[in-house]
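K.L.:
In case you want the letters, here they are:
There are 2 protein chains.
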Amino acid sequence: MAKGLLIVLSGPSGVGKGTVGNALRKRLPELTYSVSATTRQPRQGEENGVNYFFKTREQFLDMIEKDELLEYAEYVGNYYGTPRDFVERTIEQGNDIFLEIEVQGALKVREKFPEGIFIFLLPPSLDELKDRIRGRGTETQATIDHRMSVAVDEMNLMQHYDYAVVNDEIDLACKRIESIIIAEHCKIR
Amino acid sequence: MAKGLLIVLSGPSGVGKGTVGNALRKRLPELTYSVSATTRQPRQGEENGVNYFFKTREQFLDMIEKDELLEYAEYVGNYYGTPRDFVERTIEQGNDIFLEIEVQGALKVREKFPEGIFIFLLPPSLDELKDRIRGRGTETQATIDHRMSVAVDEMNLMQHYDYAVVNDEIDLACKRIESIIIAEHCKIR
Chain A
1 MAKGLLIVLS GPSGVGKGTV GNALRKRLPE LTYSVSATTR QPRQGEENGV
51 NYFFKTREQF LDMIEKDELL EYAEYVGNYY GTPRDFVERT IEQGNDIFLE
101 IEVQGALKVR EKFPEGIFIF LLPPSLDELK DRIRGRGTET QATIDHRMSV
151 AVDEMNLMQH YDYAVVNDEI DLACKRIESI IIAEHCKIR
Chain B
1 MAKGLLIVLS GPSGVGKGTV GNALRKRLPE LTYSVSATTR QPRQGEENGV
51 NYFFKTREQF LDMIEKDELL EYAEYVGNYY GTPRDFVERT IEQGNDIFLE
101 IEVQGALKVR EKFPEGIFIF LLPPSLDELK DRIRGRGTET QATIDHRMSV
151 AVDEMNLMQH YDYAVVNDEI DLACKRIESI IIAEHCKIR
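Going down the list, the sequences are from chains A and B.
If you read the first sequence in the UniProt record's numbering, its first letter stands for residue 1, the second for the next number, and so on.
If you read the second sequence in the UniProt record's numbering, its first letter stands for residue 1, the second for the next number, and so on.
This is chain A alone, in the form it adopts within the complex (with noise of 0.2 Å):
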């Protein structure tokens, strides 16, 4: 049986991949998606793997430990983390399987995954993403300063990537997504 694909989909903060990702999972049901492990507390609402894996500070390290996670970062104080095996055994399965990261944790989980989709989100211009970074809430010039030169940086790091979508407006950016999936499994490897 064949594989599935590992399809990971990026950008820098503010480019709206958890607005396009929530989109997909619309439109595209029968797409298994990644849950993440956190540390952070269930907000109202969110359940135990269907939101995230809620995991203690201490079960989180000992994931880290164990080479179970594929990439993991630490956001205001909580880990969040991307089990591996749930990944492993979708593919394994001949499912594909959808991942919504940070441009860092992509790059990390390509060293483990070459063989991934890697699909890079981008603003319609640079413009648009500082309006939206700025349209966030009431920041400081400092804290937009500082979150715009992230970004840029984020930006230069598209290179590393096979396909780079415009998120000019949602349903053409899932399209578009869709569009690469399909056209993945038609391919002559």
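In case anyone wonders, no lab produced these hints; they're calculated from the structure.
Since this is a predicted model, take the numbers as computed values, not measurements.
Hints are supplied without guarantee of correctness; some may be wrong.
Same chains, same label: a pair holds when it works inside one copy or across any pair of copies.
As the list claims (entries may be wrong) - In silico lysine to aspartate or glutamate, DMTMM-like type, Cα no more than 20 Å apart, as pairs:
#1 K17 / D162
#2 K3 / E115
#3 K187 / D171
#4 K187 / E115
#5 K187 / D168
#6 K187 / E169
#7 K55 / E68
#8 K187 / E154
Here the structure of chain A is known, so what remains is to put chain B in place on it, guided by the hints.
P.N.:
Just chain B, lined up with the frame of chain A:
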């Protein structure tokens, strides 16, 4: 300006290249379709420059001489070929061009355009292909056997292509080809 893509659809005789090509014209009218040159007589309703570029034998031999054809072949006493000029002008203008040709011709085009996207149209099964070859008319068993053996030889050339698309349903085959074109435009080169 980015160049357009050369998209070549080929596959064994009897697989339904023409049917899929025609369905694609309706689905993707914005795509430019290559027009072949031929020495055969125009049929009722056929227009020069639309269905074919109609040429005399002398004109055609002159085009061969001047390397103005990407590929050509002789069938039942008539020449058929792909004018290079039209293909090159279209992609230089940033537009995609679609070519639907025989397996051998496609491989000749690949020599001149290695960066083209080569799609191999597959029958759902060899039995299905046999049925289609048989279903064409009232040929003798020997003719059917010969066509079938040619088709099997042609199938072995699939490895030189980039993509394989199964022609199980015309709509599905068209959707896969459309997806390949969209995905190729997203590819980071």
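K.L.:
Indicate, hint by hint, whether the structure satisfies it.
P.N.:
Do the hints match the structure? See the list:
1. K17 / D162: within (17 Å within a copy, 29 Å between copies)
2. K3 / E115: Classified as within: same-chain Cα gap 11 Å, cross-chain 28 Å, threshold 20 Å.
3. K187 / D171: between (24 Å within a copy, 19 Å between copies)
4. K187 / E115: both (13 Å within a copy, 15 Å between copies)
5. K187 / D168: between (27 Å within a copy, 17 Å between copies)
6. K187 / E169: Answer is between: at 19 Å across copies they meet the 20 Å cutoff, but 27 Å inside does not.
7. K55 / E68: within (13 Å within a copy, 67 Å between copies)
8. K187 / E154: This pair counts as between: shortest inter-copy Cα distance 18 Å, intra-copy 29 Å.
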